[in-house]
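Novice: This is what each chain is made of:
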Amino acid sequence: MKTLQDYIDALNALDFKKMYEGDFFLTWEKTDDELKAVWILADALRYLREHNISTKIFESGLGISLFRDNSTRTRFSFASACNLLGLEVQDLDEKKSQIAHGETVRETANMISFMADVIGIRDDMYIGKGNTYMHDVVDAVSQGHDDGILEQKPTLVNLQCDIDHPTQCMADTAHIINSLGGIDNLKGKKVAMTWAYSPSYGKPLSVPQGVVGLMTRLGMDVVLAHPEGYEIMPDVEAVAKKNAAASGGSFRVTHDMADAFKDADVVYPKSWAPFAAMEKRTKLYGDGDQAGIDALEQELLAQNAQHKDWCCTEKLMKTTKDGKAMYLHCLPADINDVSCKDGEVEAAVFDNHRDSLYKEASYKPYVIAAMIMLAKCQHPQDTLKALEEQAVPRKIK
Amino acid sequence: MKTLQDYIDALNALDFKKMYEGDFFLTWEKTDDELKAVWILADALRYLREHNISTKIFESGLGISLFRDNSTRTRFSFASACNLLGLEVQDLDEKKSQIAHGETVRETANMISFMADVIGIRDDMYIGKGNTYMHDVVDAVSQGHDDGILEQKPTLVNLQCDIDHPTQCMADTAHIINSLGGIDNLKGKKVAMTWAYSPSYGKPLSVPQGVVGLMTRLGMDVVLAHPEGYEIMPDVEAVAKKNAAASGGSFRVTHDMADAFKDADVVYPKSWAPFAAMEKRTKLYGDGDQAGIDALEQELLAQNAQHKDWCCTEKLMKTTKDGKAMYLHCLPADINDVSCKDGEVEAAVFDNHRDSLYKEASYKPYVIAAMIMLAKCQHPQDTLKALEEQAVPRKIK
Amino acid sequence: MKTLQDYIDALNALDFKKMYEGDFFLTWEKTDDELKAVWILADALRYLREHNISTKIFESGLGISLFRDNSTRTRFSFASACNLLGLEVQDLDEKKSQIAHGETVRETANMISFMADVIGIRDDMYIGKGNTYMHDVVDAVSQGHDDGILEQKPTLVNLQCDIDHPTQCMADTAHIINSLGGIDNLKGKKVAMTWAYSPSYGKPLSVPQGVVGLMTRLGMDVVLAHPEGYEIMPDVEAVAKKNAAASGGSFRVTHDMADAFKDADVVYPKSWAPFAAMEKRTKLYGDGDQAGIDALEQELLAQNAQHKDWCCTEKLMKTTKDGKAMYLHCLPADINDVSCKDGEVEAAVFDNHRDSLYKEASYKPYVIAAMIMLAKCQHPQDTLKALEEQAVPRKIK
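Chains as they are written, first to last, in numbering that gives the first Met the number 0: chain A, 0 to 396; chain B, 0 to 396; chain C, 0 to 396.
Rather than coming from a laboratory, the hints here were simulated on the basis of the structure.
Some hints could be false.
Identical chains share a label here; the pair holds if one copy fits it or two copies do between them.
List time: in silico EDC-like cross-link candidates among lysine to aspartate or glutamate, alpha-carbon distance up to 20 angstroms [said to hold, decoys possible]:
no., residue 1, residue 2
1, Lys282, Glu296
2, Lys279, Glu298
3, Lys396, Asp8
4, Lys358, Glu102
5, Lys358, Asp145
6, Lys1, Glu150
7, Lys396, Glu20
8, Lys307, Asp286
9, Lys396, Asp381
For reference, chain A alone in the conformation it holds in the complex:
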């Protein structure tokens, strides 16, 4: 696309009106048009920024972040997205708050939201908890808005839950779309979402789940590869199958990494923990059973160690389509002899794809900003036009 009008025209062809005043939990709860709107709007916002046109749609307002797990890139992506739109980030640090007092989610959610336009939450550690918590927050602020307590309903952006990591997977896919020259070019391309060895354990399932749940929408041939015993959530596998059937793509599971890589156009080798183990861990935490948690950790590390051969090697990369598959990762990766002895990927592979990986990451702030804007602007095309006409420089030269 060459001009802002191109992006506006592309948006005009889509139906995404239900996103207004909505939230973003899981990609498979959105229509194809709605996902396309996110990608197009993300690119339009980047277009404006790169042309030094301010995209501030808010003069004031807070963007609230709640990270229940460490984060660098998602934290900065969320901060960047809010800043790009004019919202000030205010982090809810549960250690400095009074939340421990037995305060209900309903109360906290309303108390922090009087001037909040968006709430971004990362809560990915416990199966059955993170996504549920996000819904509790949305239910609370929606009721608060209906009851006249909150002037505006903040929109929720899922910054990673136990089920999906939509801002990551939407950014990953934006990168593929732009690399392949358009969304239609994804049809029939093979994606290998594969497990890989890591010396740490208990990595979230949300990325592999998010990838198979999303990329099957686009007519791609998605292969999920992992050693036996590293199954993802059955519900998400069912979603992937259904999506593939509808889109004309395919979805299958293999326990052979080489099978997945063979002729793949895109590979995404990444460690995760078995779903069943994560369910067990969640229960152990709930019971406060520290001995059980420690035993499980040892068990999982031993299980991982049996699969050190699941590594993205140069040799494997040569078996991909023309030896030139795109290599994706949500970062940080466990790189052999860089961040650990044995890991997910050989350093040479990582180095070859470094620029592409960093570009992949660069989509996340724009994807988040687009999600916010689609929930906050009833006619984002008009908003884009207004921003271009105002032409306030992002930076005075």
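With chain A held as given, fit chains B and C onto it using these hints.
Specialist: What follows is chains B and C alone, placed relative to chain A:
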């Protein structure tokens, strides 16, 4: 009020010119007109925001917060107020600073204030300390301004000290005023500020003290109820008596919760620690006497446990005026069988009043913003008019 | 200077075009014209702010801070500078990030920089590390920008490294320049940069090194005084000698505090750790040798204690030029009987110079803002003019 001009007209009838370049420590250091100006300006700012008109009066400038106690709602209220006016919040985290080096208050206060327009402090833990510290800060920055070190004198907003919690009590009262249809309708209404049981101990006295010190100004019949031994600061009781005499209201103390609730129009049941015990604790902390502190904690918890019957029950609520008293709380409340087994209030009472409680809390950001604006704008009526005429949208549609 | 045009004219006489898109590591890597441009632009920004003219050159963008050591005044100075220009500060808290995962500096630097216009780093604890780390960050983001990953290259501002503390020393010198009525008046003035006793140990060398590296540029007679054994980096001494030769000033080392103070126009008595000991400590930390670290601490404290007579006393101050030398300090100072029993300075001396010290500190936010603007605006004179013509008020009256 229907238009912004109505708010401006109301402000025009008041004398609050001494608030310019001033600070907000205790409500009873302000005139009636000054308090009214806060409430009216708070409502005017809400009116503008609800009409999507930006209330940014600052293009740059910092709002500095210092929380010496955990906080969620006051932290977000202060952040919201600053953001509403265009100030960026910068938190002074004493753990990450060099303040422990024996640096004087005078020095720290000046060092952080070169571009600060407001400083908000919560320091409520130790009797005789918090309010004193705030005065030390104001003395320091005032002298810094007089000496030509600081271009502007930041205004101090007391976000809770050992004596008063003015942003809370002003918000509470704003809620009553708006619920009862105007400040004149508060005359002759009965307020029950009563102690209630909590399984925790050592809660600050600033809310009950702030409430009796403020609501006695408005011609209300204020009853302070608590078990024997839970006295508040004698100085504040004296203030309440004096205020009641001047306003045509009344103030009395009872040790009978039922007596306080009987025919009350407003009830505020909330736990606090005895003033004498807090004085003792402050001394023990000063002496570093951990054994003494531990012993005092046990003593106070045992004392509290003798008064589990001090709970805001449905039965008690029925004895209030027409069984329909407003139920206030600064939140979070200790709710029976929700946040604890036995607490300050029955869950059914809390649930009945939840929307009202959340609305009560919603006034705090606006009250804080009004306090800042009255200290920073010499003619806030003109500022309001200018904001309306500029009509910069808070959010581009 | 009386009008903004005076500052613009002064800038027009200088060549600083290489600062555009650059970084600020060490003052001695900059030309005289470049340093002058920082001082003039800092004053011009202050002029605009004091005339209530907004200096926001950014509508959006992040200013990233990374503090690997506690900080109050530098933290607030950086936040103030960013805010003054329109950037939102986002702190990279390494404890809340995933950096510990063995992630490379190259990766982290790019991941946080998608919308970053400036990165400010304090990393002063380990010899040979801080400055190197800053260069690694700049190399990473420069390559990221060249490779099309980052739309803009964030500029690095050294907020204190193991070698120099340029924002501090530039602020110190701005204060001298303005106090003495212009940069030309510094020629021939005597500066005593002297060690002073402190009961703590291991204070960074960056201030004394920065001072002798910078003030020798200005034709001043710089005397570095310290007890034997408290040598600074030999490389920096060499820089100071070379600078003095070029500027017509002088540089010498003495082990006699009285000698340094004698007829001095400016004194800067401040504790620091011996360079050799800091090198040793860095190695011990690298080896994880806690017993060695503890032993070194005891050794250094004992060494310090032999030099309690190195204190800035009233008696010594009387020996300076007309008994009226300027007394400088980066603050906080160790003040006798205030922050410690014996320290760097007598309370009476400190009190006499307090206003001057605070004014000295007030230059830092403006110096940092000037450094950012010189890296971000190709023609800052035009930018200043544009800001004056726009005349957006910093605060609506």
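Novice: Are the hints correct? Go through all of them and say.
Specialist: Hint check results:
1. Taking the shortest alpha-carbon separations for lysine 282 and glutamate 296, only the intra-copy value of 14 angstroms comes in at or below 20 angstroms, while the best inter-copy value is 35 angstroms.
2. For the homomeric pair lysine 279 and glutamate 298, the shortest alpha-carbon distance inside one copy (12 angstroms) is at most 20 angstroms, but the shortest distance between copies (42 angstroms) is not.
3. Only between protomers do lysine 396 and aspartate 8 lie at most 20 angstroms apart by alpha-carbon distance; the minimum there is 19 angstroms, versus 30 angstroms within a single protomer.
4. Taking CA atoms no more than 20 angstroms apart as the test, lysine 358 paired with glutamate 102 passes between copies only; the shortest distance there is 17 angstroms, against 41 angstroms inside one copy.
5. Taking the shortest Cα distances, lysine 358 and aspartate 145 sit within 20 angstroms of each other only across copies (12 angstroms), while inside one copy they are farther apart (41 angstroms).
6. Taking CA atoms no more than 20 angstroms apart as the test, lysine 1 paired with glutamate 150 passes between copies only; the shortest distance there is 17 angstroms, against 38 angstroms inside one copy.
7. For the homomeric pair lysine 396 and glutamate 20, the shortest alpha-carbon distance between copies (12 angstroms) is at most 20 angstroms, but the shortest distance inside one copy (36 angstroms) is not.
8. Neither within a single protomer nor between protomers do lysine 307 and aspartate 286 lie at most 20 angstroms apart by alpha-carbon distance, with minima of 32 angstroms and 30 angstroms respectively.
9. Proximity of lysine 396 to aspartate 381 under the C-alpha cut-off of 20 angstroms is restricted to the inter-copy arrangement: shortest distance 8 angstroms between copies versus 27 angstroms within a copy.
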